[in-house]
Amino acid sequence: MKVKNIALAVAGLLSVSSVYATEPTNQELLDMLKKQQAQIEALQKKLNKTANKVKQNDEKIETTVTVIEENISEKVANKTTVGGYGELHYNNIEDDKNIDFHRFVMFFGHEFTDSIRFFSELEVEHAFSGDGKPGEVELEQAYIEMDLTENTSLKTGVFLVPVGITNETHEPPTFYGVERNPVEKNIIPATWWEAGAGFNTRFSDGLSADFAIHSGLKVLTEGGKSFLIRDGRQKVAKANADSLAYTARIKYTAIPGLELTASYQLQNDVTQGESGADANLFTAHAIYNSGNFGVRALYATWDIDSAAAKAIGRDVQEGFYLEPSYKINQNFGLFARYNAWDNNAGDSVDTEKKQTNVGLNYWPHENIVFKFDFENRSGAQDGNGFNLGVGYQF
Amino acid sequence: MAFLTLLLSGPSLMAKSYMSQDEFLLLVIQNNSTQEASAPAFKTKTIWLKKEIQSRIKSILDHKYAKLRIRYKISLDHAEPITVWYLDEIGKERPISFGISVKNNRVQMIRVLEFRESRGYEIHIPAFAKQFEQIGLNNNENLNQNIDGITGATMSVSAMKKMARLALVLHKTVITKQNTKKNK
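Protein sequence lines, in the order shown, are assigned to chains A and B.
Last residue of the first sequence? That's 394 in the numbering used here, and every number before it is there in order.
Last residue of the second sequence? That's 184 in the numbering used here, and every number before it is there in order.
The shape of chain B in the complex, shown without the other chains:
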């Protein structure tokens, strides 16, 4: 009877939304507000994905990022700038949306905002996402720590690792540009 009710009620949304972009930003702000440091304020900025950046992206994703630009948030209130990225990548068939904050060239926090694949939802579990905290890049722009995978979710895990790498590379790019501008 319960199954019949489910069938008659019709299909609902396939995509599972775990968190909005604003909620993720709020989480980042809370995470960076301590007794010593006040809540950081974020500005929205844009990075245009020119040929050189797309070529670096391609070396990470095996394809270009399907946008002409990426809007990101940046806060310069603390000694170390914080950037927040909202990035999408296909796991097996459908795009997965991630929110990633980066500070001091390390991932501060990564969350699955929206999951649209039919397998591999486990990547959104906080215990899995926690593995990415404080992870950085090695000289080959690979993650410098191991991530324990999930059987049957290889491609979703791979998408999450790639997005963490991309956020770290983009963070480094915009901060380098920011510092060059400051020194001029």
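Excised from the complex, chain A in its bound form:
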């Protein structure tokens, strides 16, 4: 375009010259042409210079944008991460009314390299801890994870035992019901963390396994709570480590919406030398989501090889639950859950406890949930009522 303009200008100059000059001599014409040629060359030079400048500016802009984008990306993908979740509950069962900020949890993580990272979870339970206060401050996770190969990683430190559904995934927006299910709470016992080392490996897409060696339970051997699994959690607080535990899990997730998992744990002595009691935990669960429908089912059983446990029926402790659900849309979901468990399943007396919850979740945002459910207790316990809750994660 610019060259065209120059040509027009030259043509214009020539025509102007022809109007005003009277009979130029050949020499004058030659001089004029030389002069004009010099002007064209000067303009061409300028044009080339401008084109070069434009190219250089493009390169500068490209470099600047790339650097800005890299800086933005670095800020977004910070090596130190913070997250958390929390839940406030209101329980009204048989006129026993409680309001409780049940859990306030903070996650802190740090990525040392692409293959070595740290993860931790610090929890305040029941809002207020101290002597005679209802709450506790708990370090539930603090481990270093190293990728050994593309498919195998090693965790070392305090971590959640790979058993059940809610033990590892328990952020409030991820499950139905204000309170976590009582089967995993009283039998597994979730939330359950120990210290040790654990491997995770993927055999193929959707088939993975875990194996962990870690500290174990120390159940009471006297009193009303003797051999109760949940009360055996030492929470890695100056824990007795005379007898370690070994946990293995296999998980199948190759079909969208389906998860099939089984875990087995062996502990040589759940009394940590007090009276000697081998114990085995077996738990299996299935989760299936298809369209708006979902269902979760879990079974767990402990077998404790101890005469003292057998005498009070606590040599077998087991339970199961079944939870169908229906998601009306992305904001609302309905569920029903039937739970049955028995911490004295080894005796001949019917000591099974049952609990049915029916309710709904409302997610105004995918990471925030409001919950409501009716609760009916039966079997070796009774009571009716309802629960309200709000939870979040980030």
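Heads up, none of these hints are tricks.
Covered stretches of chain A (chain B as the covering partner; in silico rule of three or more C-beta atoms under 8 angstroms from a C-beta of chain B): (1) 62 to 69; (2) 144 to 153; (3) 256 to 269; (4) 285 to 297.
It should be emphasised that the hints constitute simulated quantities derived from the structure, not laboratory data.
All values derive from a computational prediction rather than experimental measurement.
Note that beta-carbon positions come from the ideal geometry of N, C-alpha and C, so glycine has one too.
Dock chain B against chain A, hints included.
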């Protein structure tokens, strides 16, 4: 002994690369080459993420996209234009890279190119990714079909759904612009 060998051999790469951008593009080309239609040729173009586009992106991601522009591939060889997008989104802690092709305002194909999270790798399994094929947007710019999730991978699944929505919105934006230009 095997564990000891693994430990001594030292950590390897955490990020799992499933596919490069070029391999994904090749897959899209193969997918669109039939006996009736020849292999489409793609050109690289850039969409600058101006205020208006970032505001639409924010309504999908809950945050702005951490780039000033997005380079994409476009082919106008067939009756319906095809666009290919390479997009990143954090699942829980680390970015996941996706390749997404869009045709006729529907997702043709979505693949996890690189996965860096420690949980939720199952989203890369073809059977899971297949759920996104032919999915479009409803009036609220949400996906118009349900995606069956993965327990324990909620945030990775959520990141994949958001990237599918983003690719569909960006496709619509560039095709509308293309058509407006053509009609002038």
